[in-house]
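Can you make the complete structure from the sequences, with help from the hints?
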Amino acid sequence: MPDATGLELIAHELGEAVVETVYFRERATLRIDPATIRATLQHLRGKGYAFLASVHGVDYYPEEPRLGVHYELLDMAKVDRITVKLRVSLDAPAVDSVTDQWPTANHQEREIYDMFGVVFDGHPDLRRILMPEDYEGHPQRRDFPVGGEPVIFTYDEAKWLESRA
Amino acid sequence: MSPPESPTLSEYRRREQSITLSPLEQPLEGGSELTDELLTLNFGPHHPATHGVLRLLVTLEAEVVRDVKPIVGYVHTGIEKTAEDKAYWKVIPVVERMDYLSYYFNAMAYVGAVEQLLEVEVPTRAQYLRVIHLELNRIASHLIWLGTSALDLGSTSIFLYCLRERELILDLFEMSSGARMHTRYFQVGGVAEDIPAGFEAKLREFLAIMPKRADEYGAILNANEIVLQRLRGTCPLDAETLLSLGVTGPLLRAAGNPWDLRKAAPYSSYEHFDFKIPVGTVGDNYDRYAVRLAEIYESVKIVAQALDGLPEGPYITGDRKVALPPRHELATSMEALIHHFKLVTEGFRVPPGEVYYPIESPRGELACFVRSDGSSKPARVHMRDPSFVNLQALAPMSRGSYIADMIATTAMLDPILGGIDR
Chain A
1 MPDATGLELI
11 AHELGEAVVE
21 TVYFRERATL
31 RIDPATIRAT
41 LQHLRGKGYA
51 FLASVHGVDY
61 YPEEPRLGVH
71 YELLDMAKVD
81 RITVKLRVSL
91 DAPAVDSVTD
101 QWPTANHQER
111 EIYDMFGVVF
121 DGHPDLRRIL
131 MPEDYEGHPQ
141 RRDFPVGGEP
151 VIFTYDEAKW
161 LESRA
Chain B
1 MSPPESPTLS
11 EYRRREQSIT
21 LSPLEQPLEG
31 GSELTDELLT
41 LNFGPHHPAT
51 HGVLRLLVTL
61 EAEVVRDVKP
71 IVGYVHTGIE
81 KTAEDKAYWK
91 VIPVVERMDY
101 LSYYFNAMAY
111 VGAVEQLLEV
121 EVPTRAQYLR
131 VIHLELNRIA
141 SHLIWLGTSA
151 LDLGSTSIFL
161 YCLRERELIL
171 DLFEMSSGAR
181 MHTRYFQVGG
191 VAEDIPAGFE
201 AKLREFLAIM
211 PKRADEYGAI
221 LNANEIVLQR
231 LRGTCPLDAE
241 TLLSLGVTGP
251 LLRAAGNPWD
261 LRKAAPYSSY
271 EHFDFKIPVG
281 TVGDNYDRYA
291 VRLAEIYESV
301 KIVAQALDGL
311 PEGPYITGDR
321 KVALPPRHEL
331 ATSMEALIHH
341 FKLVTEGFRV
351 PPGEVYYPIE
361 SPRGELACFV
371 RSDGSSKPAR
381 VHMRDPSFVN
391 LQALAPMSRG
401 SYIADMIATT
411 AMLDPILGGI
421 DR
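In the order they appear, the protein sequences are chains A and B. Sequential numbering of the first sequence, starting at 1, is according to our numbering. Sequential numbering of the second sequence, starting at 1, is according to our numbering.
It cannot be assumed that every hint is accurate.
Under the rule of at most 16 Å between Cα atoms (straight-line distance), these lysine to aspartate or glutamate pairs were calculated in the EDC-like manner [stated by the list, open to error]: (1) A:47 - A:75; (2) B:321 - B:119; (3) B:263 - A:75; (4) B:202 - B:171; (5) B:81 - A:143; (6) A:47 - A:13; (7) B:321 - B:335; (8) B:321 - B:346; (9) A:85 - A:143; (10) A:78 - A:3; (11) B:69 - A:125; (12) B:81 - A:149; (13) B:263 - B:274; (14) B:301 - B:215; (15) B:263 - A:80.
No lab work stands behind these hints: they were computed from the structure. The model shown is predicted, which means the values in this text are computed figures rather than measured ones.
Shown next, in the form of structure tokens:
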């Protein structure tokens, strides 16, 4: 792990892009400006953090900006991990896709789009991945209710339509 | 052709019927329009060779695979969402059901993340007991993989042999926890129970049998010409491409990269054990098969060492704010009763923070991300499931190969759809 000092050094190199540094449970985290994500990951790749282990989303409701995207980077030679986090608001939930440089992000960005509604600009195939294609809403958001979804089968379709009429 | 508009169709059916696969087809370059065309084959979701409810849209030029698009989500159960509604200790049984063949690993990643947030010290005996169960689970998972893959490759009998040995492991799980699958044995701070009398003898019996049986699997498969022809030299992928696709675990090791979190960043006392990491050379299907088969022997070695060196001591942390007090204390201690009541009704509270806890599952880096907002329920639980990430390597692996080789590659990929869809 980069220690707390090492994290500050990396943050210093990145300059303006870094919003906040967090050192928690011996794990280094950079919170960055969403617009700089590609440049930041590229810079960290140059420093050895070449393996993008995971991309996942978080909903920070009721905090603002609400939606978070986390990038877990790994330096396999030094066995060192660093997390890059960014936050976007519900009004403009757009982040640049990193799929062309890190192909592993393809499915994972689709999952975040599906579950949280973050739009990844430049993603080659941004569609829902786990939920049905015609699903409405983003179920992993904190204000999305659990349960109560009707399941339509062929035999109860007419009944279901009637109840909606 | 779109179906005629019908007033009795729901909006859903109308949209369902309007889906067309034509945008997925690609023109064939340099071929005559009359004689050559690409065929889009829908493969799955219900097909024994997909190892679960996986659907593949395969674009074929005669028998050669030009593109594969995996379509997943058929067994999406919203476990990550469910977890947000449950107290921390009640999340363990639901996350175990994600990757249903390696339930101990799911539980380990989750409790590891929560322990890191709580800063709980896990007793060494509990760590060793965890290692024993994790490695037994790794063998069980590899046995299911070997059996079902051999079915795809035309070697039917080995499936029965693999299930026979897996039964022995499930019997051991039943002894230690009462359940054969989804055991909920790992708890935050340790394990649920100490191993019972007779467990050790039965485990030693198994450890003596298992390497011999693995020899037999090798002897059967390595002498099977059909299996060898379908594995050797088919669908190789180099380590660099695999890394860019985020692939870890046996698939990466088969390509010659010895990355294994048990060695690189040991957790749960893995640094105490002496074991080797099997690696392949060219990264074809045979290497993927050989690496996993060799891992069974290494797991047996780890379990034997953990059993020999099993230290005395508590099997769960003594921190009463996290772990239930022992049963006998409830009759005599008011404080124990209060702790018990608090834990069972509300659960424990976890300091706010975010943690990403990676471990080496049978399929690669399995990590659990947990965000706590300070309450007794997690604000976000996310599993970085290796099957989900590794599935992206299927298309680059099988492009340009025969469709029969794609079947072998899917088998060697070892995707678990419960883990992919969560």
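Against the structure, the hints:
no. : hint          : result
1   : A:47 - A:75   : holds, 9 Å
2   : B:321 - B:119 : holds, 12 Å
3   : B:263 - A:75  : holds, 15 Å
4   : B:202 - B:171 : holds, 9 Å
5   : B:81 - A:143  : holds, 11 Å
6   : A:47 - A:13   : holds, 11 Å
7   : B:321 - B:335 : holds, 11 Å
8   : B:321 - B:346 : holds, 11 Å
9   : A:85 - A:143  : violated, 22 Å
10  : A:78 - A:3    : holds, 13 Å
11  : B:69 - A:125  : holds, 11 Å
12  : B:81 - A:149  : holds, 14 Å
13  : B:263 - B:274 : holds, 10 Å
14  : B:301 - B:215 : holds, 15 Å
15  : B:263 - A:80  : holds, 14 Å
Of the numbered hints stated above, the single one contradicted by the structure is hint 9.
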